[in-house]
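Peer 1: Turn these sequences into a full structure, and let the hints steer you where they fit.
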Amino acid sequence: MSERVDAASRTGGTKRDKYVDWLRAVSLIVVVVWHWAFTILQWGPDGPSPTSPLGFTSGLWILTWLLQVLPLFFYVGGYVHLMSWNRACERGVGIGAFVWRRIRALAIPALALSFAWLVFGGVIWLIFDVPWIGRAVLLVLSPLWFIGVYLVLVALLPVMLWLHRRFDVLVLIWLGGAALVVDVLRLRYGLEAIGWLNMVIVWGLAHQAGFFYDRMVAMPRRLDVATLWTGLFALVGLVYSDIYPGSMVGVPGDKLSNMAPPTFVIVALLIFQIGLVEVLRPAMERLLERPRWQWVNTTINRFALQLFLFHTTGMAILNGVFWGLTGSPPGSQVPPTLIWWLERPLAIAGPLLCTIPFLLIFGRRNSAGASR
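Our numbering applies: residue 318 is where the sequence shown begins, and numbers increase by one.
These are computed hints drawn from the structure, not numbers from a lab.
Distance windows between CB atoms, simulated:
hint	residue 1	residue 2	range
1	Ser375	Leu573	11 to 21 Å
2	Asp559	Pro448	40 to 50 Å
3	Leu659	Gly376	14 to 24 Å
4	Trp462	Leu358	15 to 25 Å
5	Phe437	Leu358	10 to 20 Å
6	Arg333	Trp442	39 to 49 Å
7	Val596	Pro647	39 to 49 Å
8	Val476	Leu659	42 to 52 Å
9	Ala535	Glu606	12 to 22 Å
10	Leu487	Phe432	33 to 43 Å
11	Leu605	Pro448	48 to 58 Å
C-beta atoms are modelled at their ideal positions from N, C-alpha and C, and glycine is treated no differently.
Peer 2: Here it is as structure tokens:
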């Protein structure tokens, strides 16, 4: 218990929490690898259309309980923002300047990438009259949606920090209740549009939960395990209530998605993942003290944001090369075959090779350090 309290006190000081760096970078990399490995691209008269093996492989959705890590990313982001704000206060930085700096650090690269693709798509459409190029550009830029949500949460930091100081854990309860009310209005009374409020409420709850990171670190091990089981039982109950789907990502053919917009199930997933990372903390902290693991942690944090920003660009370049070499648009048959599954390592290696040049060009600055 004393070791855990000491660990908690360190996270509030000047020493970097290596486990936080690890969780943040790995959560982004998991999203990237998921897109590379499990995107099935089909080509029709209207251009490319993505699907995934989740709709064709029974029981595969259970993996999304571990691999849908955006709740964890927002949770860690909330902690990082709180610590960064505390350090900014010590330097005499105002909340307005602090928020603007963080918005600028994320918005500029995302907007620059979006502008480049929009210009490219416009040029292709004007010169070659390709009617589906807009759809292709939208697919490349679609993963950036979460950066937009993240920027909204950064803009709301002054309000959320005040609520945290004034009402503490009650804010989490209110946000959880609001997310549940939105689901009731949407699923029981058919007010579909109101569901999009949960884009801010659910992800805002995950971000706000990060303000309690130090307390989670300081909790006894038995409460970490209790948190894990609470989230797991909530997931099982909600999924098997026949109201929510089991997958934590959208599945082609499902009438309801837990992600677009997020449902209350994502709150249960957040609780489960917080408990899981705390249960794993002692083992991971020991590993991250080893020199090789420190090097890996530093390296992936340096390139994680750039990898996320450009990973779909790498996929697009690979597909363009394939089209140019074969003379036909790339695409896969559904349902996925055994050969398709055996090709998954190549499905990761190919886009990675096409993305590496962008990492080398734009990854010189340690993005993890800059965002702290």
